[in-house]
Amino acid sequence: MMNQNNCVMVFNIVLCLIGLCVAISDNDGIGLVTALFALVFGSIACGMGTIRAYVLVCLTALLLLITNSLSITVVSYDTMVMRKGIDNDIWGLLIGTVHAVVMVPLVMVIYIALSSRFGAVFNWAMVRGLSVFIAMGVQVPGFVLEYIMHNVEYDTSNLNNGYIIYGFMTTLLFLILSSYLLSGSMRKKHLVLNANGLEVRA
Amino acid sequence: MTAWSEEHELLLAKAFLVVGPMSMMVICLFVVLGMAPGLESGHPREYLVATCVLWAILIMILPLLRVLKLLALPMWMVAIITANMYFYVISLNLGLYLDVSWWGDMGHVVSSTIVAGIVFLALALMDSRSPEYVTLGNRAGFCIMLFLVALSFGGIWEVLEGSTDAIAGNPYMVYGASDTMGDLTADTVGVLAITVYAYLVLGKKSTDEITSSVKLGRKAFA
Chain A
1 MMNQNNCVMV FNIVLCLIGL CVAISDNDGI GLVTALFALV FGSIACGMGT
51 IRAYVLVCLT ALLLLITNSL SITVVSYDTM VMRKGIDNDI WGLLIGTVHA
101 VVMVPLVMVI YIALSSRFGA VFNWAMVRGL SVFIAMGVQV PGFVLEYIMH
151 NVEYDTSNLN NGYIIYGFMT TLLFLILSSY LLSGSMRKKH LVLNANGLEV
201 RA
Chain B
1 MTAWSEEHEL LLAKAFLVVG PMSMMVICLF VVLGMAPGLE SGHPREYLVA
51 TCVLWAILIM ILPLLRVLKL LALPMWMVAI ITANMYFYVI SLNLGLYLDV
101 SWWGDMGHVV SSTIVAGIVF LALALMDSRS PEYVTLGNRA GFCIMLFLVA
151 LSFGGIWEVL EGSTDAIAGN PYMVYGASDT MGDLTADTVG VLAITVYAYL
201 VLGKKSTDEI TSSVKLGRKA FA
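Protein chains in written order, with my numbering: chain A, 1 to 202; chain B, 1 to 222.
Hints should not be assumed to be uniformly reliable.
[What the hints assert, rightly or not] Think about it this way: if two alpha-carbon atoms lie no more than 20 Å apart in a straight line, the pair counts; the simulated SDA-like pairs of lysine to any residue are:
#: 1; chain 1: B; residue 1: Lys204; chain 2: A; residue 2: Lys188
#: 2; chain 1: A; residue 1: Lys188; chain 2: B; residue 2: Pro131
#: 3; chain 1: A; residue 1: Lys188; chain 2: B; residue 2: Ser130
Treat the hints as calculated values from the structure; they're not laboratory data.
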């Protein structure tokens, strides 16, 4: 019988793999890279073995599947710009928001993975200072991959600077807000994130 | 740092205060005499002269700060920054940015190594000078963090570029998305190179040792 750890890990792997396939089906580079990060770091983060870590891993995998599905259907370039005639900039903002939503729990999962497997210990200041950079760092290879994938198929219709800039800007705003809230709570409660999870600093 | 090496470093900084701007002026002389290939490639003479003069001033900043005992950086960092300055000025004066299609991307690779180097140093400082209970973990953990944080600056750069154009009322980033994504690809290569370097260095030195040569402010030199 599978233990709790393996259950969460399998759940995460299955959802991330589906999310990965969804992203590949429409050359969604950001979705693909996000799925890869969620797959790898989610699996590592399960090693922490706390309920909070499990919830975050599952939430990330679930959000990833939802946002990847949305980005190739309801919020895709074909649906919004080609069919509904929505302005390119507004579409950039919408798709950027969809991609940014999953970054919030994913960054936390990356912190948990780094703490549980690589011995990192983060205090509130590090969480507040580094979160934005981690999220944007995840997105850069996403755009790179998207560029490569679209160029291979000679289809660069939806690749415009608005898409890139709004993608980064929405992530920036989402992570500034979420890291401020999380770090504020950590600071207030004197918490640090280490291999055992969130603990009150001695 | 031993007394000898500190003295040696100071001597080097004093020498570069003269050699740095002089070398830029030598390049400038080629432009003034009409012998710089960049002129034939299409760069205006005033633009090349202004670039040489500006970089002649900029190249003095780090040695000057060192001589004034305000800032000391590790030699590898100073070497990367200085090499980047020469790379840019020489490439421009040779007309490589206009004549060679991929030279701009290579410039992005080279300049992203500076950014990644600064991030490496900043994270090492964060690791060594934070409270004892805080750490970025072992070298693999440190390098994952370095890779992601350094990469983000490629994105931040593009946001700044786009925002500046938007504020100025210009059509943003006239070179198109392919150029932006090409830049991000080049940035990724540069960051990857420094991350590999950092992984190798962290195998031999601790973050305390890496940051021991960083000094900021006169008190640090006392």
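Q | Hints the structure fails to honour | A | 1
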